[in-house]
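S.K.: As they're listed, the protein sequences go chains E and H.
Residue numbers for the first sequence follow the numbering used here, beginning at 68 and rising by one.
Residue numbers for the second sequence follow the numbering used here, beginning at 68 and rising by one.
The hints are simulated quantities; they were obtained by calculation from the structure and are not laboratory data.
This one's a predicted model, so the numbers in the text were calculated from it and none came from an experiment.
Hints should not be assumed to be uniformly reliable.
Identical chains share a label here; the pair holds if one copy fits it or two copies do between them.
Said to hold, decoys possible - Below, simulated DSBU-like cross-link-like pairs (lysine-lysine); rule was C-alpha separation at most 35 Å, straight line:
| hint | residue 1 | residue 2 |
| --- | --- | --- |
| 1 | K122 | K207 |
| 2 | K211 | K122 |
| 3 | K175 | K264 |
| 4 | K122 | K334 |
| 5 | K264 | K112 |
| 6 | K95 | K211 |
| 7 | K334 | K130 |
| 8 | K207 | K130 |
| 9 | K122 | K112 |
| 10 | K334 | K144 |
There are 2 protein chains.
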Amino acid sequence: MNRIVFFVSDSTAITAETLGRSLLTQFKQFTFERITMPFVNTLEKAQKALEEINKISREQQAKVIVFSTLVDPHLRKILSPCNGLFIDFFDQVMPALKKELHAEPEQKIGQTHGIDPQIYSSRIEAINFALDTDDGLGIKHYDKADVILIGVSRSGKTPTCLYLALQFRIHAANYPITEEDMHSGQLPKSLETYRPKLFGLTIDPERLHEIREQRSPNSRYASLDQCQYETTQIERLFQQSNIPYLNSTHFSIEEISTRIMNQMGIKR
Amino acid sequence: MNRIVFFVSDSTAITAETLGRSLLTQFKQFTFERITMPFVNTLEKAQKALEEINKISREQQAKVIVFSTLVDPHLRKILSPCNGLFIDFFDQVMPALKKELHAEPEQKIGQTHGIDPQIYSSRIEAINFALDTDDGLGIKHYDKADVILIGVSRSGKTPTCLYLALQFRIHAANYPITEEDMHSGQLPKSLETYRPKLFGLTIDPERLHEIREQRSPNSRYASLDQCQYETTQIERLFQQSNIPYLNSTHFSIEEISTRIMNQMGIKR
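Model the full assembly from the supplied sequences, consistent with the hints where possible.
M.R.: This is the structure we're talking about:
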């Protein structure tokens with residue numbers, strides 16, 4: 068079963084996509100083909116979007132689904148009679164919110180991902196922090212870290228730090244634990260002072276082996292033996308040193324990030 | 068006017084936050100204090116969340132607002148009688164969707180940001196690509212690029228490339244245009260072959276000056292004169308070379324990324 072789904076927005080359409088996808092993941096028996104229409108922010112563009120939706124709709128056997136986040140009710144009015152199931156997320160919720168707040172929404176377009184200079188700056192700063200302290204770099208900046216991820220090479224530290232910075236403006240550094248550190252069975256000296264900020268990532272050896280094989284095929288580094296050795300050792304190190312840790316194997320970057328914040332008590 | 072807003076989810080709560088924030092940006096006259104409760108995925112946790120919400124609610128003069136994305140109707144049933152305005156985004160939309168699809172949702176928790184191994188791998192690969200080709204590095208990988216951002220230093224190239232990778236799994240490289248390149252009035256030779264993939268970023272000189280001052284205070288590099296010179300030159304270069312470009316000053320990273328994809332015809 069196949070359905071076409073449109074995401075229509077007066078801005079980036081990222082919000083419409085995010086919620087729409089969440090909803091659709093609950094209907095696994097269907098295959099959804101997605102078409103995103105961002106920046107539908109004038110009457111003309113809304114009219115054009117409507118025609119496009121109706122054109123594609125006519126070619127389908129089943130009704131198309133349209134998820135939208137259109138702030139301006141005039142734009143919604145143009146699109147709502149489209150030849151498909153039309154669901155505007157704002158429209159669904161706005162009436163209850165207006166009633167509760169005794170207030171009218173501003174109906175200004177493109178505010179969601181618009182720019183707040185202070186937030187923008189702190190976001191860029193967090194990204195720079197993640198880059199400056201990636202892979203054991205910039206230990207001198209650790210005073211400013213909210214969290215320092217430690218783990219073996221390719222256990223997901225860098226993507227998680229970048230996501231924490233982009234999504235939550237969190238200062239996340241990461242430090243690779245090497246084989247040498249494991250032999251000693253102790254945390255690297257340079258990390259000792261920052262113990263309360265440390266969080267460990269581990270990963271199933273089979274998955275680590277797969278990931279490393281892609282990067283360095285047939286190397287000792289990527290071998291299953293080596294991956295098994297490293298993950299066993301690092302988990303032992305986390306436990307002995309009383310470092311909170313997470314096995315990242317079955318989690319998305321979003322989940323890993325949120326769980327770390329949760330466990331470390333970092334406010335979003 | 069101050070209101071407390073809760074974001075409750077059985078998973079990361081990122082979807083609830085994203086849509087909830089979009090809605091709240093439309094009520095600028097209010098200040099919203101946000102409390103996020105992720106991983107509310109058992110009856111016990113739902114009960115605990117309910118108590119927490121009601122406790123805080125009692126201390127407030129105005130009703131609290133609760134945005135949730137709870138897949139399991141049993142969890143919603145526990146939280147919906149809370150002492151606040153309760154809006155579950157799934158609940159709002161699910162009935163129409165069920166009716167249209169003639170199907171029941173799976174009601175399996177935590178699917179939204181759960182892991183699809185193929186998507187996970189291509190995401191990690193895109194992030195690695197962005198890092199490997201940041202700031203003029205790894206030109207040998209440009210064959211695999213979906214887009215190559217060019218612009219002056221600190222015009223937003225790196226954060227945009229990282230966002231494109233994390234959010235859309237797009238291979239985005241970036242290359243800094245130096246003063247030398249500007250003097251020559253020509254594109255760097257190494258970019259010539261990849262002309263159809265090039266996209267320019269520019270920025271208001273005053274903003275660039277501010278950003279660079281934070282990084283290198285009182286330097287020639289950060290001076291307003293230098294920023295004016297570089298932005299004028301780069302815009303001339305973009306125009307002469309027929310490179311599509313965007314002024315990033317008033318846009319968020321989400322907007323810049325989406326606009327680039329739109330203009331370059333990159334499918335999400």
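S.K.: Hint by hint, note whether the structure agrees.
M.R.: Hint by hint, here is what the structure shows:
1. In the homo-oligomer, the alpha carbons of K122 and K207 never lie at most 35 Å apart, since the shortest distance is 59 Å inside one protomer and 42 Å across protomers.
2. Taking the closest pair of Cα atoms, K211 and K122 come within 35 Å of each other only across two copies (34 Å); inside a single copy the shortest separation is 54 Å, beyond that limit.
3. Taking the shortest alpha-carbon separations for K175 and K264, only the inter-copy value of 34 Å comes in at or below 35 Å, while the best intra-copy value is 41 Å.
4. Taking identical chains as interchangeable, the C-alpha atoms of K122 and K334 lie at most 35 Å apart only when they sit on different chains, with a minimum of 19 Å there against 47 Å within one chain.
5. When the C-alpha separation of K264 and K112 is checked against a cutoff of 35 Å, the pair qualifies only between copies, where the shortest distance is 27 Å, while the shortest distance within a copy is 49 Å.
6. Taking identical chains as interchangeable, the C-alpha atoms of K95 and K211 lie at most 35 Å apart only when they sit on different chains, with a minimum of 32 Å there against 44 Å within one chain.
7. Proximity of K334 to K130 under the C-alpha cut-off of 35 Å is restricted to the inter-copy arrangement: shortest distance 23 Å between copies versus 43 Å within a copy.
8. For the homomeric pair K207 and K130, neither the shortest alpha-carbon distance inside one copy (58 Å) nor that between copies (46 Å) is at most 35 Å.
9. Taking identical chains as interchangeable, the C-alpha atoms of K122 and K112 lie at most 35 Å apart only when both belong to the same chain, with a minimum of 15 Å there against 47 Å between chains.
10. Taking the closest pair of Cα atoms, K334 and K144 come within 35 Å of each other only across two copies (27 Å); inside a single copy the shortest separation is 39 Å, beyond that limit.
In summary, the numbered hints that this structure violates are 1, 8.
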